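Chains as they are written, first to last, in the numbering used here: chain A, 312 to 545; chain B, 312 to 545.
There's no promise every hint is true.
Put simply, identical chains are the same to the list, so a pair is met inside one copy or across any two.
[What the hints assert, rightly or not] Calculated cross-link-like contacts (lysine-lysine; reagent style PhoX-like; alpha-carbon spacing at most 25 Å):
{"hint": "1", "residue 1": "K482", "residue 2": "K453"}
{"hint": "2", "residue 1": "K412", "residue 2": "K475"}
{"hint": "3", "residue 1": "K475", "residue 2": "K451"}
{"hint": "4", "residue 1": "K453", "residue 2": "K475"}
{"hint": "5", "residue 1": "K532", "residue 2": "K453"}
{"hint": "6", "residue 1": "K532", "residue 2": "K482"}
I should point out that these hints are in silico values taken from the structure, not numbers from a laboratory. Just so it is clear, the structure is predicted and the values come from calculations on it, not from any experiment.
The lines below spell out each chain.
Protein chains: 2
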Amino acid sequence: MSIADSHDSGHCARARAGCRRPALCSVGWKMSGCRLVLILFLITSLRGSGAIPPHDEVARMARYIVHACDWGSVATISTHPPVTGRPFSNIFSVSDGPLGKGSGQPYLYLTPLEISVQDMEVNAEASLAMSLAETDYCRKQKFDPQSPLCCRVILSGTIMTVNKTEIDFAKESLFSRHPAMPDWPHDHGWYFAKLNITNIWVLDYFGGIKTVTPEEYYSVKPEYEGNLTGGKKS
Amino acid sequence: MSIADSHDSGHCARARAGCRRPALCSVGWKMSGCRLVLILFLITSLRGSGAIPPHDEVARMARYIVHACDWGSVATISTHPPVTGRPFSNIFSVSDGPLGKGSGQPYLYLTPLEISVQDMEVNAEASLAMSLAETDYCRKQKFDPQSPLCCRVILSGTIMTVNKTEIDFAKESLFSRHPAMPDWPHDHGWYFAKLNITNIWVLDYFGGIKTVTPEEYYSVKPEYEGNLTGGKKS
């Protein structure tokens, strides 16, 4: 069997064995040996740039994505006809902290006029997905947006209003990354909110979705390099 | 009353009056007169570039966004513990046609191994959101991802397998925009799917969400310029 024919190469078999929930392996990608060597070389050489953690450091990868992206898609259960009771996707600006000072906690700037926010007032359960497709990373590496190598994180939890002890950091986090926000219409009832995270799934490599606990997520030490552009295109 | 003080300028009042569902106006943005004149100038001058339709041509705008973007966020109702029954957001590559030949019909390339696809097998109702934040447009115009000027479309409907009469176009649509797809693992059960659209909401300007009927959406003639990059960054 040549390298090109070895679909079930040792690396890929180990990746699948490492998948914590085989039933949930969203993509059990198998690669020819030559392509795998090339991709590993690319990832290693890119890793030398320092911008993205190793794919097997999953908690750190989750923190990296959350900090690099400055917007995400939020899913709610709609309360608006004709899609009442159905899943609903919308776009929100997000920040977990000023550049280089990410906390892992995604903050949002919300108005009761927003249809998804009206959904949250009835059912605060939500899911926030962020992908490096929002940055230049995937395009520069020629990773398709749906490829596992175009890393993404999916957070689930409940949307909550930020309390007084946290409001200063929420404000600094959002306004530093979204300088237009302070000038948004002052009579729209804007308030600072956050996603109280209960579930974290990461897809950053072959072998399927990986779970990170909130404890692992918040305790890991992210390593932000000087070339982190925080979602902005270079 | 000076221009700067005229929060309820004639333009903004007309915009709100034109909001088809005042109760759903997600952002009834009001602008000072000077800022409004500046933004109108910017939008008009950009319009001269031909790439984006006028904001009041809402069906055409919806078609523009769907064609310009090559990925989106799909919301489903999760069937996976511990988030069973909750809204779930995920990232999918999308295409409504080869560049310059958009049909308005979003096609997807799905595998039963994908967790969201497993959700769809139980409940095919889904929402697909696409935003010009995925392209260079919003960044170049300095529009925050959550600003109405960073145009987005939210489609609701059901995910269906593409039938035989449509499969060739679905394949051409997806593979021309996502050249990696044909090489994705052949044993993953990939199939061509589409979102059967029943509801279309567009946010592309101040004054709130605007509704487009599927009939309006599919019958409008999109005008694709030679400089349409289809989601790819210039």
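So, going through the hints one by one against the coordinates:
1. K482 with K453: Answer is between: at 20 Å across copies they meet the 25 Å cutoff, but 35 Å inside does not.
2. K412 with K475: within (20 Å within a copy, 52 Å between copies)
3. K475 with K451: Neither: 41 Å inside a chain and 35 Å across chains, both beyond 25 Å.
4. K453 with K475: Classified as neither; 44 Å inside a copy, 31 Å across copies.
5. K532 with K453: So K532 and K453 fail the 25 Å test inside a copy (29 Å) and across (32 Å) alike.
6. K532 with K482: within (23 Å within a copy, 43 Å between copies)
Comparing the model with each numbered hint stated earlier shows that hints 3, 4, 5 do not hold.
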